[in-house]
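Here is how the chains run, residue by residue.
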Amino acid sequence: MLENLSPTMFTAVALGVVMFVLFMFLPALLELIKPRDAGPRKIIEDTSGDRKLKITSMEETEEIEVDQAIVKRVSSILSVLPNLEA
Amino acid sequence: MTAYLCRHYFFTLKVLKDSGRQRKETRLESSIFQPSVSILIPAYNEELVIGRILQRMSELTYPSDKMKIVVINDASTDATGKIAKQYAETHSFIGVLHRNEQEGRRGKGAALNAGLKHAEGEIILCFDADYYPQRNIVEQLVRPFEDPKVGAVQGRVTVLNEPNNLVTRLVALERIGGYRVDQQARDGLGLITQFGGTVGGFKRSVLESLGGWDESILAEDTDLTFRVYLAGFEVRYVNNAECYEEAVENWRAYWKQRYRWSRGHMQCAFKHLSKVLRSTNLTVRQKIDAVLLLNVYFMPILVLLSWIIFVPLVFMNVRPGLGMGWAATSISAYSFVGNFAPFFEVAVGAYLDGRNRAHWLTSLLIFTFLYNIPICTKAFADLVVSKISGKKGARWDKTSHSGDGNSYIMN
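Quick mapping for you: the protein sequence lines, in order, are chains A and B.
Using the working numbering, the first residue of the first sequence is number 1, and each one after it goes up by one.
Using the working numbering, the first residue of the second sequence is number 87, and each one after it goes up by one.
Just to be clear, a hint being listed does not mean it is correct.
[Said to hold, decoys possible] With a straight-line cut-off of 20 Å between C-alpha atoms, the simulated EDC-like cross-links for lysine to aspartate or glutamate are:
1) B/235 x B/145
2) B/477 x B/300
3) A/42 x B/490
4) A/42 x B/439
5) A/42 x B/145
6) A/42 x B/260
[Claimed, not checked] Pairwise CB distance ranges, derived in the manner of DEER restraints:
7) A/30 x B/356: 39 to 47 Å
8) B/338 x A/25: 20 to 28 Å
9) A/73 x B/119: 38 to 46 Å
10) A/16 x B/391: 52 to 60 Å
[Stated by the list, open to error] Here are some chain B residues pointing at chain A (derived, C-beta under 10 Å):
11) 246
12) 455
13) 457
These are computed hints drawn from the structure, not numbers from a lab.
Glycine is no exception: its CB is placed at the ideal position from the N, C-alpha and C atoms.
Could you put the whole structure together from the sequences, leaning on the hints where they help?
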């Protein structure tokens, strides 16, 4: 098969192969000579679960505060009730 | 090879399609599921790295009263046992199992089986000594076990010493393709998600019902993956459970590690292929994926065979069409199967990770691809010889670790 190629064809094929290899490896060579990738990858400390926990506890705190307000209001009402009876 | 190309093409599309959705799903998870956990850390001559992982274990956010760490000192001749003992003395949840020369050094599977006898948790997690996990990794890894169908779980492995040299950078690319795209897609598509032997674990009841690790298989992790699926359970992949590993740093260490993987994987293929095809617990899609997964390490041998057949045809000028077939095979082999993860998969993984130029090295994976051809061929030849001669298989050859990755953790 190779013998059937004319010298011009052979040169063209060889040049094509060289160009293909050069284009394929050029980005890799550039990155190897002057690395610009900030490796290693920083592992993600996914704290979505923790955040949820904090949100949950904040909600609970708010509920306690609301409960205390109601308790205060009810107690103030109750403190008036004996007076009403009187 | 076309089947592998299609498979990886679907995987890449699936991950690209789901990349936005998964982030939302993660944020919606709210359950607090805290089963008791035992973490097994097998270690043989790991004095350079054992302190690093034990220090990290002491920093995990999982409640220490629900967690027990078992270091299996597998008859080390260096200071591994001493360092582990020091940590055990200052942390009540760390224990050390010292194995003597008669019991130890029989491979990772044997060491893990020994550790399993001392593990009491509902969930058994495994970490290699050179690993360095994120602080909330246990929470992430146990979460899938809420589903009773889940028998095992796998987290993501990220290369720590990536900038060291060309080998570590190429291994990092393989890991990106293998975990960020391959494992993620298999999990999303309900195919065969692979337990990788570390950064993962099992429901204790499932592991015990399967009889623990098979000590005769070099790829004991792949073997357990298939046993879990054949028993009717699933393996889940958690991309958010990330852990650093120290990658091999030279071509010799790469050969040793990949030889063990390929030979072990081929053992699994011989052991499980017929069981997979006959299984009633696997779907048709899972069976197809399982067959492709089990045979993946035979692909480089097929590539070599095709070259051996076609190269003489080019020079003998038998038939020009056949000669061109050689060129087509070599190019397609490189692009379709690559180094077990086609290069577009690696590049998409790097893109999804937000890496700006890591994927520029993708073309250099041709060296690992070419290097894997003699590795897999030798592994296959040795396996056939050992089967015919009836001799015991290769011993479990551990990868040595230098602890060089520490500088990147400090940064």
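Quick rundown of the hints versus the structure:
Using a Cα cut-off of 20 Å, the hinted pair residue 235 of chain B and residue 145 of chain B is violated, with the two alpha carbons roughly 31 Å apart. A hinted pair counts as satisfied when its Cα atoms are at most 20 Å apart, and residue 477 of chain B with residue 300 of chain B qualifies at roughly 18 Å. Distance hint between residue 42 of chain A and residue 490 of chain B is fulfilled; the C-alpha atoms sit about 17 Å from each other, no more than 20 Å. Distance hint between residue 42 of chain A and residue 439 of chain B is fulfilled; the C-alpha atoms sit about 10 Å from each other, no more than 20 Å.
Proximity of residue 42 of chain A to residue 145 of chain B is assessed by CA-CA distance (about 18 Å); at most 20 Å being required, the pair is judged to hold. For a cut-off of 20 Å, the pair hint linking residue 42 of chain A to residue 260 of chain B stands: about 17 Å separates their Cα positions. Range check, residue 30 of chain A to residue 356 of chain B: Cβ separation about 44 Å, and the 39 to 47 Å hint holds. A C-beta distance of roughly 24 Å is found between residue 338 of chain B and residue 25 of chain A, which places it inside the suggested range of 20 to 28 Å.
Distance hint check for residue 73 of chain A and residue 119 of chain B: the Cβ-Cβ separation is about 39 Å, which falls inside the suggested range of 38 to 46 Å. Take residue 16 of chain A and residue 391 of chain B: their Cβ atoms lie about 28 Å apart, and the range 52 to 60 Å is violated. Given hint, residue 246 of chain B at the interface with chain A, holds; its Cβ is 5 Å from that chain's nearest Cβ, closer than 10 Å. Interface hint status for residue 455 of chain B: violated, as the beta-carbon distance to the closest one in chain A is roughly 13 Å, over 10 Å.
At a threshold of 10 Å, the smallest CB-CB gap from residue 457 of chain B to chain A is about 16 Å, leaving the interface hint violated.
Hints 1, 10, 12, 13 from the earlier list are contradicted by this structure; the remaining hints agree with it.
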